[in-house]
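Full structure from sequences and hints, please.
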Amino acid sequence: MTAEGKTAGQSLPISVRNVVKAYGPLRALDDMSIDVRAGEFMTLLGPSGSGKTTLLMALAGFVSPESGSIRFGGQEMVTVPPHKRGVGMVFQSYALFPFMSVEENVAYPLKIRRVSAADQKARVEAALELVQLGGYGGRRVHQLSGGQMQRVALARAMVFEPRIILMDEPLSALDKKLREQMQIELKALHRKLDATIVYVTHDQREALTMSDRIAVINQGRIAQLDTPEALYRRPKSLFVADFIGESVVLPVVLHDGAATLNGCKLKTTSSFGSAEGPYHLVIRPELLELSPDSSDGLMNDLSGEVREVIYQGDSALVLVRVGVDQEISLRVPASRAGSASIPDIAQRISLGLHAEDTIIVPETAL
Amino acid sequence: MNMTAIGEGANRAILARLQSRERQFFLKLAAPAILGIMIVVFLPILWLSSLSLFDAAGDWSTANYARVFQSPLYQKTFHVTFIISISVTAFCVLLGYPLCYWLSRLSPRTSGILMVFVLVPFWTAVLVRTYAWLVLLQRNGIINQGLVASGIIDEPLQLAHNLTGSIIGMVHVMLPFLVLPLYATMRAIDGDLVRAAIGLGSSPREAFWRIFFPMSLPGLFAGVILVFVLSLGFYVTPALLGGGRVQMLAQRIESTITIYANWGAASALGVILLVMALVLIWAANRVFGLDKLFVR
Chain A
807 MTAEGKTAGQ SLPISVRNVV KAYGPLRALD DMSIDVRAGE FMTLLGPSGS
857 GKTTLLMALA GFVSPESGSI RFGGQEMVTV PPHKRGVGMV FQSYALFPFM
907 SVEENVAYPL KIRRVSAADQ KARVEAALEL VQLGGYGGRR VHQLSGGQMQ
957 RVALARAMVF EPRIILMDEP LSALDKKLRE QMQIELKALH RKLDATIVYV
1007 THDQREALTM SDRIAVINQG RIAQLDTPEA LYRRPKSLFV ADFIGESVVL
1057 PVVLHDGAAT LNGCKLKTTS SFGSAEGPYH LVIRPELLEL SPDSSDGLMN
1107 DLSGEVREVI YQGDSALVLV RVGVDQEISL RVPASRAGSA SIPDIAQRIS
1157 LGLHAEDTII VPETAL
Chain B
46 MNMTAIGEGA NRAILARLQS RERQFFLKLA APAILGIMIV VFLPILWLSS
96 LSLFDAAGDW STANYARVFQ SPLYQKTFHV TFIISISVTA FCVLLGYPLC
146 YWLSRLSPRT SGILMVFVLV PFWTAVLVRT YAWLVLLQRN GIINQGLVAS
196 GIIDEPLQLA HNLTGSIIGM VHVMLPFLVL PLYATMRAID GDLVRAAIGL
246 GSSPREAFWR IFFPMSLPGL FAGVILVFVL SLGFYVTPAL LGGGRVQMLA
296 QRIESTITIY ANWGAASALG VILLVMALVL IWAANRVFGL DKLFVR
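In order, the protein sequences belong to chains A and B.
Numbering-wise (the numbering used here), the first sequence opens with residue 807 and increments by one.
Numbering-wise (the numbering used here), the second sequence opens with residue 46 and increments by one.
For the record, the hints were derived by calculation from the structure and aren't laboratory data.
Fair warning: this is a prediction, and the values are worked out from it, not measured in the lab.
Hints are not guaranteed to be accurate.
Said to hold, decoys possible - Quick list of simulated restraints, FRET-style, between CB atoms:
no.	chain 1	residue 1	chain 2	residue 2	range
1	B	169	A	979	39 to 49 angstroms
2	A	919	B	322	21 to 31 angstroms
3	A	839	B	169	51 to 61 angstroms
4	B	86	A	931	25 to 35 angstroms
5	B	161	A	998	26 to 36 angstroms
The C-beta atom is built at its ideal place from N, Cα and C for all residues, glycine as well.
What follows is the structure in structure tokens.
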């Protein structure tokens, strides 16, 4: 949504077509194609070894694909060396030049571009102001905290107003609290900048928090590309469903065009094709309803016996055995956790799953 | 409230006592080594140095130093010593820097194997290596035979028994002293830094000169100081490959004692050499902080 809301500016769209990169027998990028809209915050999300970093490095020019095309706003980039691509890059290790001050670090791309000294000074100060480090210009790099270093790296990547900024897990070295704060800051920063951002992470929560769209990458291919909400609510494969968010997965049987769990037909709004292979029901613990209104014809009944109650502060996780040996979990918010609504162990409870929340996915992507 | 205050005070006193006991313990641990160095290094140096302050008759004088600074013969020795040391250092940098750069870009495994080729000569006796060079460089040596046979030159080149031979041999001996600290420094440079510089718009050449080179300087300076100081007092290689025609300080000291039995003059030369080395190391340490390089 953010992308469309912006006035057409300097930011460039990225178009990757059929890019292949192999390391020995391993295909890090396996016929990869992806389109990033101008001004979009696109996250490449995947487990380690999925090829997400290889794709980012191919965009930056540090990895040369064996075949395929990479275009920035229509201009072919595969043959352009990295220093002429004009992208801002933020590394996981920050990669600040240790023998330079904060100011000199941020001024580096301007100095390379022969920007006048007075102009340099003003732009460096503005960039530092933008990452809330105004007045830190004279500090040495080693005097900064991890979060401050990351901000300097950000300021340096955007000070020359690149149309594309690439970020390789920039927040992974920070502690949880600082990371969450920086996620919000980065998102706010993106709104102020006129740049397309491609962001690599293996943290699905981080991806959900920040992105306009997320490309889930697995084994060098895109498993699904969607908005955070669509990915969470309508995953298209078991891999995506399992990778994004908390979930319980139960195998289902396809019978007469309907999915059945333990012999009961499931009501669902999921559309699944007629593809062969096993299918699974994906249950998000917070979408299960305790003592549902059975008069609603769109509820699936998943009753069972409580096996365990785990108190987790903001909520309680209730493990319930359904059928013979299947276990599902249900999340009860803490506002009710202390009250009588939290079930006891060994109690038989009735659980409902709305047809709209009943996600059925094939084991392998279509 | 009161109780904790008293408790804290008592703890602080006990902790301070434990700390000073620990310091004394470590001092005692180091004592044998310190004593050993005093007896076998410092005392002999002091005794030898004191010889320079007496003349042949055993009277106190500064004549030994006056002679060193006035005699043209000694001045020529200093001149040759510096020419050789500077040339050797320069050639070591020219050969060693690209070598280290190349090694540091390889995988640690490959560069580890290749480092053996640097280290094996390093662990071989200097005398052996010097004679090996003599075999290679002499008038009828392999290099001259090869060059004449291939028709590149008509007459054998004068490669040994002169300044050229001394410098070739010494560069080979000294190269590891440059390579080891320089390679360690280059290895420690994060590859992302150069990549970041390129990503920010520097050409690879510019990224090297602006980022990699400045970051390799501490290692380079450490190597340069090591090579230069070691070259100043080097003896074996110039003595053999110089063929008696190249007189460096260490050889002058040797001949002053064995031929002229002038301990006072030899001692004065030794003291001057020692002072030069110490001043160089001190200055390098002040400017580049070598202590930080070796103590990580």
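Has the hinted range 21 to 31 angstroms been met by the Cβ atoms of residue 919 of chain A and residue 322 of chain B? Once the Cβ atoms are compared, 47 angstroms apart, the range 21 to 31 angstroms for residue 322 of chain B and residue 919 of chain A is violated.
Assessment of proposed distance window 26 to 36 angstroms (beta carbons of residue 161 of chain B, residue 998 of chain A): violated, 55 angstroms
Regarding residue 839 of chain A and residue 169 of chain B, is the given constraint of 51 to 61 angstroms on their beta-carbon distance met? About 59 angstroms separates the Cβ atoms of residue 839 of chain A and residue 169 of chain B, which means 51 to 61 angstroms holds.
Could you see if the CB distance from residue 169 of chain B to residue 979 of chain A stays within 39 to 49 angstroms? holds, 45 angstroms
Taking the Cβ atom of residue 86 of chain B and the Cβ atom of residue 931 of chain A, is their distance within the range 25 to 35 angstroms? violated, 56 angstroms
Hint compliance for this structure: hints 2, 4 and 5 are not met, and every other hint is.
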